[in-house]
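There are 4 protein chains.
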Amino acid sequence: MENIYTDLALEMAEQLQDGDGGYIDGVEVDNYDQNGIMVNTVRIVNESGAAAMGKAQGHYITIESPEIKVNNVAVHEEIITILTDNLARLVQGVDGTVLVIGLGNRSVTPDSLGPQVVSKVLITRHIMDDLPVGLDGLRPLCALAPGVMGMTGIETGEVVRGLVNHVKPALVVAIDALAARKISRINQTIQLTDTGISPGAGVGNRRMPLNKENLGVPVIAIGVPTVVDAAIFATDAMGLFLHQLAEEAPDAVGSGLSFIQTLENLEDSDKYAAMHAAIDPTVGNMFVTPKEIGEVVGWLSNIIANAINMAMHKGIEREDINRFMY
Amino acid sequence: MENIYTDLALEMAEQLQDGDGGYIDGVEVDNYDQNGIMVNTVRIVNESGAAAMGKAQGHYITIESPEIKVNNVAVHEEIITILTDNLARLVQGVDGTVLVIGLGNRSVTPDSLGPQVVSKVLITRHIMDDLPVGLDGLRPLCALAPGVMGMTGIETGEVVRGLVNHVKPALVVAIDALAARKISRINQTIQLTDTGISPGAGVGNRRMPLNKENLGVPVIAIGVPTVVDAAIFATDAMGLFLHQLAEEAPDAVGSGLSFIQTLENLEDSDKYAAMHAAIDPTVGNMFVTPKEIGEVVGWLSNIIANAINMAMHKGIEREDINRFMY
Amino acid sequence: MENIYTDLALEMAEQLQDGDGGYIDGVEVDNYDQNGIMVNTVRIVNESGAAAMGKAQGHYITIESPEIKVNNVAVHEEIITILTDNLARLVQGVDGTVLVIGLGNRSVTPDSLGPQVVSKVLITRHIMDDLPVGLDGLRPLCALAPGVMGMTGIETGEVVRGLVNHVKPALVVAIDALAARKISRINQTIQLTDTGISPGAGVGNRRMPLNKENLGVPVIAIGVPTVVDAAIFATDAMGLFLHQLAEEAPDAVGSGLSFIQTLENLEDSDKYAAMHAAIDPTVGNMFVTPKEIGEVVGWLSNIIANAINMAMHKGIEREDINRFMY
Amino acid sequence: MENIYTDLALEMAEQLQDGDGGYIDGVEVDNYDQNGIMVNTVRIVNESGAAAMGKAQGHYITIESPEIKVNNVAVHEEIITILTDNLARLVQGVDGTVLVIGLGNRSVTPDSLGPQVVSKVLITRHIMDDLPVGLDGLRPLCALAPGVMGMTGIETGEVVRGLVNHVKPALVVAIDALAARKISRINQTIQLTDTGISPGAGVGNRRMPLNKENLGVPVIAIGVPTVVDAAIFATDAMGLFLHQLAEEAPDAVGSGLSFIQTLENLEDSDKYAAMHAAIDPTVGNMFVTPKEIGEVVGWLSNIIANAINMAMHKGIEREDINRFMY
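Protein chains in written order, with my numbering: chain U, 246 to 571; chain B, 246 to 571; chain F, 246 to 571; chain R, 246 to 571.
By construction, these hints were calculated from the structure, which means they are not laboratory data.
Glycine included, each C-beta is placed from N, C-alpha and C at the ideal position.
There may be inaccurate statements among the hints.
Stated by the list, open to error - Pairs of lysine-lysine, DSBU-like flavour, derived with a Cα cap of 35 Å:
(1) F:516 x B:457
(2) F:516 x R:427
(3) B:559 x R:427
(4) F:413 x B:457
Said to hold, decoys possible - Among the chain U residues that face chain R by a calculated CB cut under 10 Å, a handful are:
(5) 279
(6) 281
(7) 368
(8) 390
(9) 397
(10) 400
(11) 403
Okay, chain U solo, but in the shape it has when bound (with noise of 0.2 Å):
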């Protein structure tokens, strides 16, 4: 397991519900609707929590919305509020600045999530003495997109620590773009962890995690899947299209049903390893991402950098939104 996914933490805490709906020990489970746009909460509160759950102690939240995707400014504003909320609370009681990492590469769209959210936010550190005429409540705020392994040959965690040692910041806020395990997770979900995040989920490579035991200060992870690997895209759609098949045309399946059955019943992980092998000779490593990525990524970039703004900056309101962004 090299990924923190916050999904996967309410996924998990579900099968680990016990016989009355209730939860395992040490974990704590919250879920609302606001408006449609659905608010998960996972929190592991001790040690035989996250020994249960294979996580770090902390909170997940998973923010989730279809409209995410879509064209929509009215929800896309319900969500940044939803988002700074849920950032602010994490966050509470550490003053001090803020040091804002993008990850991912810049040149290929589903993976500049995280350099476009840099180019976004409001960088106030160098200019503390000097700030923009009509606003107060501001912290100091910084930012680095420090680039990709395969363009730079620096592991992004080499960057970043040695950032954090020079700029000693009260706080880093890591945006990444994710691979998502599930198909129908791409482009639905924001992602929100204090544990810190793994990098390597990406389309990119990159190993050191980014969290408090390896940097020393708090670690917000932001992450949205915005791709899928193609081996589990693969899966996934074998198995809606025989399933489906199985339904819709029983005669043509005949005696294969059985066999189907017995398909849907493998586990992900045996079935993803075989596809892999399968394709893996013709097409190397490939990933799946929608064909509107270009425009959801500017939609993401400006949701995930408005929550920022709002949450860090005490001064930048609701009606501040995309305000300072430009």
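Here the structure of chain U is known, so what remains is to put chains B, F and R in place on it, guided by the hints.
Okay, now just chains B, F and R, sitting in the frame of chain U:
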């Protein structure tokens, strides 16, 4: 049939071979292997051939090598000279101004091939009286990347036709990223034809064909499949998965074997349609592309721009590869 | 006179005032100050006025504020509404498709104003049957940044005229970065006219005028001086230097005073020509621009794109500033 | 004295020549002309020389040609080999990882030299076990463009020092666009030194010197003046103007002649300060750059990146110019 794929011309010609391995009337096929790079040419030379093939009369050339998608400069240089030779042969006798059109979306990596080529060809039309020092044998060449309808609101064909009316070139060369029909073709083939291009093939949707009929001048199209539609990909991958399963674990497959064979024998187009129906409600319109697509498009645009420079400007030769490109 | 500058219209009108402070026949002038933002309108209403002014009949509006070039969101929003109102008034009664043309070179910062505006206006022409959720009152709008001749080999006017023939818009809005005639105007004035634009004003050279005569439809031009020619700058700066020296150190100047006065009284155009002759062999063609030009062009493109969105799309109003722009 | 300019080293050394044309103790000067390209080397070899020159001990090399700013590929290739040779000599005996730092602002054209070089050098550090086909003699090389404080809120030196601590390179090569002290130097000289660089020279403000003292490893700096401060430009231009006026129209100048001579004899620094005071209230902080700066920075970044590739990677030679750069 909305796209004119040169590879399909080859496949189709092979299906239409007569019993003795000869081709049908009006279709000529030529294959050769130059240092491991496959070059296939299909010529449709009369109406009967065009009718049988369902394609316009003209040349369909495919240059194919798995090394295109790998960082192998020596093979890329070999491909540049092959592409140059074939391009030069297709435009033999056409003198005067060349207009290069880079189709596609600059901001979506696998669709940015055309705009990247435009930024790398040697533009001379505006400086024919004041050419760079030391260069002879240049002809007037101009270039435009007209963008995609989603970003401009204008159909590409409208921009190009208007431009041709005013620039009055002797030749149009259009470059586009294509959607492959098979995963095995992605980033492995460069397709060249003198019958024009029907945009809408790639990631975006661009409808009016760019060809001699519409533009009034010869149109050379250079296309490279850089993506594959997600449903086609999933169908191909399912086929590979089930085939491999049947071979390697016949016991597990058991009575499912005949079902798998039935699936294999279905028409591709039926399977694609069924796959599309199965996955579309979940994922919408997606495409598949390699993780290293950023680098690959860089290599491909370099190969194509060098070949255009060498084929169009007589003063640029093999030892000048990359020399006028920065 | 190669460029139609609205500011020059104002200056010229003032020079042509009669003894009683009235303006000459055929020229009407209107000035007002809205919260410190100066808005000047010159109307040339008949042939006699046009002949006296040496300019086409039409409106020349200048919006001027030193805060344009400063990070002052509140003033920028005020300017957006002033520009919107003036733009709306100029195009009153014109319905139908709008074509926005962003002149200039995307890759030279002070010349990138036009292309940046194109990327920020709300493009709707291709989706009139499927508009974004919650938006009414949109009209068909399309946009293109045709690039500059140095990068395409094609004169801008050729691209635009071809496009207008095929798109058949009811209105063209052209945006361009201009070269100022005085250093005091750089990044301080937004100039608006319904008489079109004669490219060649800015950093590049683009020759065919875009106006109703050439394009067959009304052409609104929006220009902002973002650079000043180096010779003009040096001449103005020399004037300031010598003037200040004469005032502050009359003893040091001594008998040079009358020489300084002679210089001051020379025609500007003579001084510019002499300065050009003096510096050109050393430096060639140079321009002057502020160090913070990157941010300023970002602010300016935001102001102009918001005003175009609000003036053209009736459904977008003041509270929607920046709302559809990401 | 905030910047270490190699050209100033040359000028200063000449001013310090003794009566017989010899140089002062501790300073060695070497000039040669290679096919019209001037190469000047100043070596400060002891403390006495350093004190007299007001500069750190080390090498200051200037490569100068008016053809740098012109589209002349043959001369550019000559300059590449000269720069390669000088660079190789400066780093003789230094083995191990090279870290290339591209200073400056990617989005302001004349300040984008450093980031453009970073995107063109051959990055190998992350693939030393899996190098491109057919390449030997590569050493580990990594690169970062850390951005400018105005966009990140972080001083460049903080990013670089942190990075050096973790990457532990054997050598840092820093590239920066500089502000020239004289208009005649813009885009005509490439400056190379092994004494490091004091950022703040160019368009932005970057303060901590990058040198062996601060970073703990040898630092090679490569700088090119691409702009000149507007006040310096105006002062120089005024001097040229008045000088030419006095020569060509002595009658018009009349009694102003002695005033012009007085002005000419003033200290440059006094004149610059007075010019700054005269123009600053009107225009603020401005710079001057050539109209064709976009192309010139492309050529310069190509020259420098090729020279770094050839000097650092033994396997890349003169016939490989541009070969690994796309």
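Against the structure, the hints come out as follows:
Restraint check: the Cα-Cα separation between residue 516 of chain F and residue 457 of chain B comes to about 55 Å, which exceeds 35 Å; the hinted pair is violated. Taken as a hint, the residue 516 of chain F and residue 427 of chain R pair is honoured in the structure, with Cα atoms around 22 Å apart against an allowance of 35 Å. Among the hinted pairs, residue 559 of chain B with residue 427 of chain R is inconsistent with the structure: their alpha-carbon atoms are about 41 Å apart, more than 35 Å. The suggested pairing of residue 413 of chain F with residue 457 of chain B holds, with an alpha-carbon distance near 23 Å, which does not exceed 35 Å.
A cut of 10 Å between beta carbons decides the hint on residue 279 of chain U: the least distance to chain R is about 33 Å, and the hint is violated. The closest approach between the C-beta of residue 281 of chain U and any C-beta of chain R is roughly 37 Å, which is over the 10 Å cut-off, so the hint fails. Hint on residue 368 of chain U holds. Least Cβ distance to chain R is approximately 4 Å, under the 10 Å limit. Given hint, residue 390 of chain U at the interface with chain R, holds; its Cβ is 8 Å from that chain's nearest Cβ, closer than 10 Å.
This hint holds: residue 397 of chain U has a C-beta 5 Å from the nearest C-beta of chain R, less than the 10 Å allowed. Because the beta carbon of residue 400 of chain U sits about 8 Å from the nearest beta carbon in chain R, less than 10 Å, this interface hint is met. With its C-beta approaching chain R no nearer than about 4 Å, residue 403 of chain U sits inside the 10 Å limit, and its interface hint holds.
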